[in-house]
Amino acid sequence: MKLKIKNWFDTGAPFVWLNAGAVSISIIMVVGLILLIAVRGLGHFWPADVAVFDYYAEPGDAPVRLMGEMVDEEVVSRSRAGNPGYEGETIQRNLIKTGNRDISGLDFRWILDAGIKNKAYPDNSMVVERREWGNLYAFLTSIELDGQQYNNESGNLWDRFQETITKNNGIYADIKHIEKDLIGAINYKMERLRLKERGLELKSQKTPEKVAALVQQREVLQLEYDSYTAELERLYGILNGSSFTAKTAEGKEIKIALAKIVRAYQPNAMDIFDKSIFYLEKFWEFLSDDPREANTEGGIFPAIFGTVLMVMIMAVMVTPFGVIAAVYLREYATQGPTTRLIRIAVNNLAGVPSVVYGVFGLGFFVYFLGGSIDQLLFPEALPAPTFGTPGLLWASLTLAILTVPVVIVATEEGLSRVPRAVREGSLALGATKAETMWRTVLPMTASAMITGLILAVARAAGEVAPLMLVGVVKLAPSLGLDGNAPFLHLDRKFMHLGFHIYDVGFQSPNVEAARPLVYATALLLVMLIIVLNLTAIRIRNSLREKYRAAEQS
Amino acid sequence: MQQNNPNTAKIIKAYAEEKVVTEPGTTTKTHAIDMSNIVKSDVDAKLADEKVCIEITDFNLFYSGKQALKDINMTIPDKRVTAFIGPSGCGKSTLLRCFNRMNDLVDGVTIEGNIKLEGNDIFDKNVNVADLRRRVGMVFQKPNPFPKSIYENVAYGLRIQGIRDRRTIDTVVERSLKGAALWDEVKDRLDDLAMGLSGGQQQRLVIARAIAIEPEVILLDEPASALDPISTLKIEELIYELKDKFTIVIVTHNMQQAARVSDYTAYMYMGEMVEFNDTSTLFTNPNKKMTEDYITGRYG
Ligand SMILES: Nc1ncnc2c1ncn2[C@@H]1O[C@H](COP(=O)(O)OP(=O)(O)OP(=O)(O)O)[C@@H](O)[C@H]1O
Ligand SMILES: [Mg+2]
Chain G
1 MKLKIKNWFD
11 TGAPFVWLNA
21 GAVSISIIMV
31 VGLILLIAVR
41 GLGHFWPADV
51 AVFDYYAEPG
61 DAPVRLMGEM
71 VDEEVVSRSR
81 AGNPGYEGET
91 IQRNLIKTGN
101 RDISGLDFRW
111 ILDAGIKNKA
121 YPDNSMVVER
131 REWGNLYAFL
141 TSIELDGQQY
151 NNESGNLWDR
161 FQETITKNNG
171 IYADIKHIEK
181 DLIGAINYKM
191 ERLRLKERGL
201 ELKSQKTPEK
211 VAALVQQREV
221 LQLEYDSYTA
231 ELERLYGILN
241 GSSFTAKTAE
251 GKEIKIALAK
261 IVRAYQPNAM
271 DIFDKSIFYL
281 EKFWEFLSDD
291 PREANTEGGI
301 FPAIFGTVLM
311 VMIMAVMVTP
321 FGVIAAVYLR
331 EYATQGPTTR
341 LIRIAVNNLA
351 GVPSVVYGVF
361 GLGFFVYFLG
371 GSIDQLLFPE
381 ALPAPTFGTP
391 GLLWASLTLA
401 ILTVPVVIVA
411 TEEGLSRVPR
421 AVREGSLALG
431 ATKAETMWRT
441 VLPMTASAMI
451 TGLILAVARA
461 AGEVAPLMLV
471 GVVKLAPSLG
481 LDGNAPFLHL
491 DRKFMHLGFH
501 IYDVGFQSPN
511 VEAARPLVYA
521 TALLLVMLII
531 VLNLTAIRIR
541 NSLREKYRAA
551 EQS
Chain C
1 MQQNNPNTAK
11 IIKAYAEEKV
21 VTEPGTTTKT
31 HAIDMSNIVK
41 SDVDAKLADE
51 KVCIEITDFN
61 LFYSGKQALK
71 DINMTIPDKR
81 VTAFIGPSGC
91 GKSTLLRCFN
101 RMNDLVDGVT
111 IEGNIKLEGN
121 DIFDKNVNVA
131 DLRRRVGMVF
141 QKPNPFPKSI
151 YENVAYGLRI
161 QGIRDRRTID
171 TVVERSLKGA
181 ALWDEVKDRL
191 DDLAMGLSGG
201 QQQRLVIARA
211 IAIEPEVILL
221 DEPASALDPI
231 STLKIEELIY
241 ELKDKFTIVI
251 VTHNMQQAAR
261 VSDYTAYMYM
271 GEMVEFNDTS
281 TLFTNPNKKM
291 TEDYITGRYG
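Residue numbers (the working numbering), protein chains in the order written: chain G, 1 to 553; chain C, 1 to 300.
Here chain G stands alone, though its shape is the one from the complex (with noise of 0.2 Å):
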């Protein structure tokens, strides 16, 4: 018996277990992970059916009538349900999305599942998003447009409400275009007009002609601003001329401006198909709108944007950086003692806790750089800081220090793999040793330090606590790239996925709701850095194809 164990042992059979094992165990965690994300954060999309019930808080009391979407359910102990008096060792709760939280104080509630009782699913039972206080669940009773009323005797009232809504959206599209790139625009020319005239007035330069080509300047923008301000009006006029009137499960009649929804939908009336394409709507607009809501609602392209610059503006600083550090400790220092020690160093440098780089970046590059840059280029502004704050560019330079080593180590693996026979080849043709690095060992070293990339911006692009310190915001008014001249603008703050998830998740008034955008851009945040990812190692790997008979000779 005992031999038969040695003899398995001896073939080899228990290490081949062991390691299968344990890659199935990391793939089995990676693929959970990844699904656990993707169903809870893509079901959110999809548009729930809407219930309408009566609901007996305790046997015999009066019933209340509620309507919602059913969320969640879970089984618990009769203590935790509140001992009700209903029967049973546990109880079954529900959670059930009610709105109307302008009426009733409160999106969710958890209900017992005893207590439902006449449950339906009524065709016309809408759901109304808003841009404001949430969802709203309730019948449509009536329109009015332009001070005209109209309700449902032709039977086309939803179809007219639709339109209505669709042309609303079109018109708040403009107005929105209007404030935030129009007069946005207009708004930052000003403050560099101000800027201008108060670096004149720091220079002592402030001549009469010079301020009267900016009071100019300031009055064209002027009556730029009017007619814009104008239209706005217009616009506004039109868009608040109608309303809905509605009425709630309780009974209850609101009338609500139909500038202030989004859309509107009766999820119980929707069939399959209807309920893809709205579902691809709604996806849409997560990835392409702005947050609204406290970040509870509509999309999160901001943070999507802020993200991907953010890693690129790193990836270009850290990759000159890193190589240049590489090739100079592998070729160009003397090996020694000294090159030991800040080999030691660098890889250190990699396992310091990421907030300290934070703190590092806060104080170092912020205030202290920061600080400097404003005192020299931009003393107009102050004492209103313009790289003295945290901003797109500290917080890339803060992530990039983070990340060298990575670049600086896969960097200088791949400049040891490049043989000998080849560097001598090209000395003997008599370049110089620069020449030689320039032409013949960095582009064979390509695909190590696309690796090292691929790293650092796997680790970057995941990276919050840090930049919790240095330029991340809850709510960036603008992008870090737009129009106005020098379309980047490496001093504003920035959205990003990663503290998107902590600010929904952890910072929210309506966690409740939020939850399931947590997992979305849980799920986003990962599909990016995969897509980052695999967008380097296609590139490596072209390269490596080409590289590698050289590296085996």
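Hints are supplied without guarantee of correctness; some may be wrong.
[Stated by the list, open to error] Counterexamples of contact, computed for chain G against chain C with all Cβ distances above 10 Å:
| # | residue |
| --- | --- |
| 1 | Ala20 |
| 2 | Glu74 |
| 3 | Gly82 |
[Unchecked claim] Label-pair ranges, simulated between beta-carbon atoms:
| # | chain 1 | residue 1 | chain 2 | residue 2 | range |
| --- | --- | --- | --- | --- | --- |
| 4 | C | Asp131 | G | Ala185 | 40 to 50 Å |
| 5 | C | Asp192 | G | Thr339 | 32 to 42 Å |
| 6 | G | Ser542 | C | Asp49 | 19 to 29 Å |
FYI, nobody ran anything at the bench for these hints, they're computed from the structure. Note that beta-carbon positions come from the ideal geometry of N, C-alpha and C, so glycine has one too.
Since the structure of chain G is already known, use the hints to place chain C with the ligands on it.
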């Protein structure tokens, strides 16, 4: 020897047309090499009559204190083929790598004595090493093409010199590849990676790469050690053709090869230059017993 090989026959024929005389077989019986086949174009050449290309005086080299070359004194004649032979580890490569200062790249190397290329000390501190290496090209023991296209491999040296003109480069690439007897094999796939060539083709490619920049001296470190007989023969033919234009120094372990291609041969042993003479004398009538033992295969 490959008497039945048509190429060998061709070389011999070519030699014959130049009224080359076959060595008298006086000592051949004691030789492992059948000297009757060894044909020389410069039978009467004597070292003293040659124009000097490289002059080495009292040269010593140490690898981190360990002596690898001892008191080398020799002159390498201009536009001739000089072969270095000797047992493994005797310092042939080391000496060869001194001529283009490749040993500068090795940590811990110290040298004594001097080497002159056309009268100028190559170790002088005013010498630009890159320029020196442009004048003294080198082909390594193992082919080491760059991971670039065939075309770019040959153009490399020109690009380093800052030549941009596509036409000039095209011409030089074609001429060099023809010079290295590779043109016909690769002319249709100049843009393919050089790694895709066979070992022998790669070796000729690096020779083409070396001659593209028209050096004065070409150093060949066992250029045929990894090649099949046909490729070897092609390279030997090539050496024969190149010697009109270049001074060639070749390291080889193959004594037939040394005998076939070289005008002068140096036998080295344990870092010392044991004997240096014109090839036919060295192979047929060596001065030293040690040399004779080595070339007759009694060494070791
Ligand atoms: N980089 C180096 N560092 C230390 N010693 C070296 C180095 N290169 C060569 N040597 C030593 O110098 C001596 C001569 O080496 P070299 O390579 O010149 O021999 P070789 O004659 O070319 O041999 P082979 O025919 O095997 O190529 C050897 O003893 C070798 O161990
Ligand atoms: Mg050697």
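task = Against the earlier hints, flag every one the structure doesn't satisfy and list their numbers going up.
result = 4 and 6
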